[in-house]
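Which chain is which? The protein sequence lines are A and B, in order. The first sequence begins at 1 in the UniProt record's numbering and counts up one residue at a time. The second sequence begins at 1 in the UniProt record's numbering and counts up one residue at a time.
For the record, the hints were derived by calculation from the structure and aren't laboratory data. Worth double-checking, as some hints may not be accurate.
[Claimed, not checked] Label-pair ranges, simulated between beta-carbon atoms:
1) B:Asp169 <-> A:Leu18: 44 to 52 Å
2) A:Val107 <-> B:Glu203: 50 to 58 Å
3) A:Lys16 <-> B:Ser99: 45 to 53 Å
4) A:Gln77 <-> B:Leu177: 39 to 47 Å
These numbers were taken from a predicted model, which means no experiment stands behind them. Each residue gets a CB set at the ideal place from its N, CA and C atoms; glycine is no exception.
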Amino acid sequence: MTPIIEVKNIKKRFKKQLVLDSVSIEVQPGSIYALLGANGAGKSTLLKIITGLLDSDQGNVLVNNLTVTKDLHQVQQLFSFSAQTSSVDDILTGYENLVLIAKLRHVAHPKQLALDLLAQFKLTDAAKKRVADYSGGMRRRLDLAMSLVGNPEILFLDEPTTGLDPSSRNDLWQTIRELKSQGKTIFLTTQYLEEADQLADKIGFLGEGKIIATGTPSEMKHLAGSEKLQLIFLTSEQLAQAQTLLTDFKVQLIDEVSINVELPDSMQSVLKILHLLSTNEIEPNTFQVTSPTLDDVFLKLTKGASL
Amino acid sequence: MTFITDTFTLAGRLIKHNLRSLDTIITVILMPIMLLLLMVYLFGGSIEIPGVSHAEYVNYVLPGILLMTIATGSAYTALRINTDKLSGMFDRFKSLPISKSAVLNGQAVASVIFMMTSTLIVLLVGFLIGFRSQANFAEWGLAILILMGFALAITWLSVPFALAAKSVDGASAFSYLVLILLFISSAFVPVTGMPKVIQVFAENQPVTHIIQAIRQLLTAQPIGNHGWIALAWIVAITLISYLLGTRIYRHV
Chain A
1 MTPIIEVKNI KKRFKKQLVL DSVSIEVQPG SIYALLGANG AGKSTLLKII TGLLDSDQGN
61 VLVNNLTVTK DLHQVQQLFS FSAQTSSVDD ILTGYENLVL IAKLRHVAHP KQLALDLLAQ
121 FKLTDAAKKR VADYSGGMRR RLDLAMSLVG NPEILFLDEP TTGLDPSSRN DLWQTIRELK
181 SQGKTIFLTT QYLEEADQLA DKIGFLGEGK IIATGTPSEM KHLAGSEKLQ LIFLTSEQLA
241 QAQTLLTDFK VQLIDEVSIN VELPDSMQSV LKILHLLSTN EIEPNTFQVT SPTLDDVFLK
301 LTKGASL
Chain B
1 MTFITDTFTL AGRLIKHNLR SLDTIITVIL MPIMLLLLMV YLFGGSIEIP GVSHAEYVNY
61 VLPGILLMTI ATGSAYTALR INTDKLSGMF DRFKSLPISK SAVLNGQAVA SVIFMMTSTL
121 IVLLVGFLIG FRSQANFAEW GLAILILMGF ALAITWLSVP FALAAKSVDG ASAFSYLVLI
181 LLFISSAFVP VTGMPKVIQV FAENQPVTHI IQAIRQLLTA QPIGNHGWIA LAWIVAITLI
241 SYLLGTRIYR HV
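With the hints as extra help, turn the sequences into a complete structure.
Structural data, given as structure tokens:
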């Protein structure tokens with residue numbers, strides 16, 4: 001499939017500092033792409049370049065095979081952009097915010113569309129309230145509703161859940177998944193590894209202006225290594241005995257009574273190890289299987305990079 | 001066509017802002033009204049202006065007070081533009097498939113409407129405390145056009161300042177410059193009493209010409225060169241600020 005978004009070799013300098021260094025990204029239609037990176041990694045700058053809000057020094061961006069810098073007006077019909085600050089008008093009501101964007105996008109029935117979107121985002125009760133009185137979660141929902149006016153194919157969301165409480169965050173994740181199931185392509189930025197893991201089909205790690213790794217969430221986890229079995233024994237003698245038995249495995253010493261054993265083929269290896277120990281009458285006190293988190297990946301990849 | 005409807009849609013949003021923050025309107029008209037009362041009832045009696053009796057001082061001072069209303073209003077124009085820049089509203093608007101200039105033009109339309117409304121209120125207060133004009137319909141029309149021109153010029157002048165400012169406080173600071181120009185003009189007292197150097201400046205700066213033109217029109221006197229010079233200043237300030245403002249807007 002041809003990608004719906006192609007970022008080719010983008011370079012951007014602010015004064016002397018290289019903020020983006022040869023960034024290339026491809027996003028497939030109907031997928032969720034998460035651009036993951038710490039504060040100041042250049043996420044927002046890249047998003048502004050992709051959406052045509054900012055010029056790059058080198059490289060270009062294609063959206064649906066249209067060059068953003070050349071055919072901006074046409075490209076703008078295809079996407080919406082919601083900024084990090086959740087740019088909603090505080091003084092207007094939720095309803096008025098939606099009507100405003102609907103009028104600017106010249107949709108056929110702005111008022112009806114506003115009411116429909118308010119209902120879809122569970123904001124009907126707050127429709128006539130000024131946005132200044134909305135909670136953080138409500139603002140974000142309104143922001144997303146405003147992004148859906150005109151039914152764009154692509155949604156660019158800059159840190160959509162930053163500053164939300166866990167329950168509003170979960171709600172928003174659910175909404176984003178629903179939008180994907182309706183066929184939207186979603187390009188979001190996040191500093192939360194869990195969020196990328198939860199939502200994305202593909203993740204790009206942006207560190208110090210470069211894409212330092214890219215792949216599916218499971219590929220990312222693979223990068224961090226396999227699953228591990230943690231064994232805790234009662235005595236250090238038991239541990240020493242176990243070590244002699246597990247020479248076929250990669251063993252990592254944690255402390256005097258506990259070790260991590262890498263599992264080349266997850267459950268099979270667990271059964272093999274436990275069987276080996278029990279036939280030799282070594283009984284670990286406790287054990288648990290740990291999967292690497294995206295945090296591990298992140299730390300591994302950005303080791304040495306300032307965060 | 002969409003360019004015009006977009007401009008008015010965006011202006012409509014800001015007019016709602018102005019209507020909903022009544023405190024804005026009050027602060028904008030309060031200072032000129034206070035100064036009007038102060039000048040007319042407190043200081044006016046001690047100011048000797050050749051050809052103007054004490055009772056007529058309100059007629060002399062009102063044009064300057066009207067310009068002051070526009071100048072204080074510009075602080076809010078700058079504030080609204082700066083808030084939209086900082087809150088990311090400009091990014092939202094810029095990412096929409098609308099004409100690039102509609103956003104700032106919408107600000108300008110709303111600003112001029114707001115300034116002219118405030119000016120009308122201050123003018124009514126002027127009538128209440130004894131302002132009277134012998135001007136005919138055409139002279140009134142011309143005076144109002146000059147006021148609108150000044151409002152437009154000051155609005156656009158505020159744009160580059162508002163866009164460049166890093167904070168809301170910085171954005172509105174420029175309106176003090178306009179206020180200073182008002183004090184160093186013939187707004188409250190004739191320039192002839194000022195020190196020589198300041199007098200030369202006061203006689204030739206744009207605000208004096210604009211005030212003189214309006215004053216002459218409202219007292220049904222010939223306006224001489226003041227009208228043309230005022231027009232030239234208004235066009236020049238608007239044009240330069242417009243070019244500068246739209247240029248900066250592209251990069252914020």
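Quick rundown of the hints versus the structure:
1. B:Asp169 <-> A:Leu18: 44 to 52 Å: violated, 33 Å
2. A:Val107 <-> B:Glu203: 50 to 58 Å: With a Cβ separation near 56 Å, A:Val107 and B:Glu203 satisfy 50 to 58 Å, so the hint holds.
3. A:Lys16 <-> B:Ser99: 45 to 53 Å: violated, 35 Å
4. A:Gln77 <-> B:Leu177: 39 to 47 Å: Holds, at about 42 Å.
Violation of the numbered hints given earlier is confined to hints 1, 3; the remaining hints are satisfied by the structure.
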